[in-house]
Amino acid sequence: METGFNNSSLNLETLREFCKREGEVVKYNKGDQMEREGDPTRWFAFVEYGCFKYLTYGISDDKEHVVWFSFKDEFVGDYPACLSGLPAQITIKATMPSRVIRVTSEQLNQFFDQNIETMELRSLIAEHITGQFHLHYQNLYCATPLERYELLLQRCPSIVQDIAMQDIASYLNITPAYLGKLRKKSLSESYRT
1 METGFNNSSL NLETLREFCK REGEVVKYNK GDQMEREGDP TRWFAFVEYG CFKYLTYGIS
61 DDKEHVVWFS FKDEFVGDYP ACLSGLPAQI TIKATMPSRV IRVTSEQLNQ FFDQNIETME
121 LRSLIAEHIT GQFHLHYQNL YCATPLERYE LLLQRCPSIV QDIAMQDIAS YLNITPAYLG
181 KLRKKSLSES YRT
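In this note's numbering, the protein residues as written are 1 to 193.
Because the hints were derived from the structure by calculation, they are not lab data. One should not assume that every hint holds.
Here are the simulated DSS-like pairs of lysine-lysine, each with C-alpha atoms no more than 25 angstroms apart in a straight line [what the hints assert, rightly or not]: (1) K63 to K30; (2) K72 to K30; (3) K72 to K27.
Please work from the sequences and hints to get the whole structure.
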């Protein structure tokens with residue numbers, strides 16, 4: 001099952017405390033961009049409240065495709081690009097009013113360069129992210145749309161109240177109409193148990 005940072009076995013308290021100590025509190029309105037694909041990567045942040053979607057655009061249709069979410073008590077940012085100084089590979093937008101404690105990519109790299117423990121944490125986070133994206137990719141091929149929907153509900157039970165249906169459908173790689181059918185099916189099955 002996909003898990004965000006807050007549900008993982010990683011101990012991220014050191015990184016969270018670093019963000020609180022060195023970062024700035026920033027509020028984002030719904031639709032505000034934290035990063036834009038192709039621009040220099042600037043930020044890494046801890047989400048105090050709200051939610052962010054990670055999206056990219058279709059090659060031929062320029063349509064938004066949601067590939068990930070970061071929720072309350074998770075970190076948000078284009079982690080690989082932030083560490084390497086590459087342009088952002090993804091656009092990150094707030095899906096609702098949100099507040100983060102953010103640090104710059106330079107601050108993040110300085111934090112990780114402090115000692116062997118922080119360098120090890122840098123690697124563990126990269127391994128966690130790689131594992132989560134691998135699992136999401138695998139689920140797109142091996143899990144049914146209903147199973148993918150239920151996995152997402154396990155990660156964030158309030159997502160259907162908080163996130164636009166077209167964003168959830170995009171993340172699940174289905175149409176919004178089909179998502180409506182899955183929601184009805186999932187609700188009717190939960191009433192039977």
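query = Does the alpha-carbon distance linking K72 and K30 stay inside the 25 angstroms limit?
reply = Status holds; Cα separation ~15 angstroms.
inquiry  = Between the alpha carbons of K63 and K30, is the straight-line distance 25 angstroms or under?
reply    = 19 angstroms, holds
query = Regarding the pair K72 and K27, is the alpha-carbon distance no greater than 25 angstroms?
reply = Status holds; Cα separation ~13 angstroms.
Of the numbered hints listed earlier, not one is contradicted by the structure.
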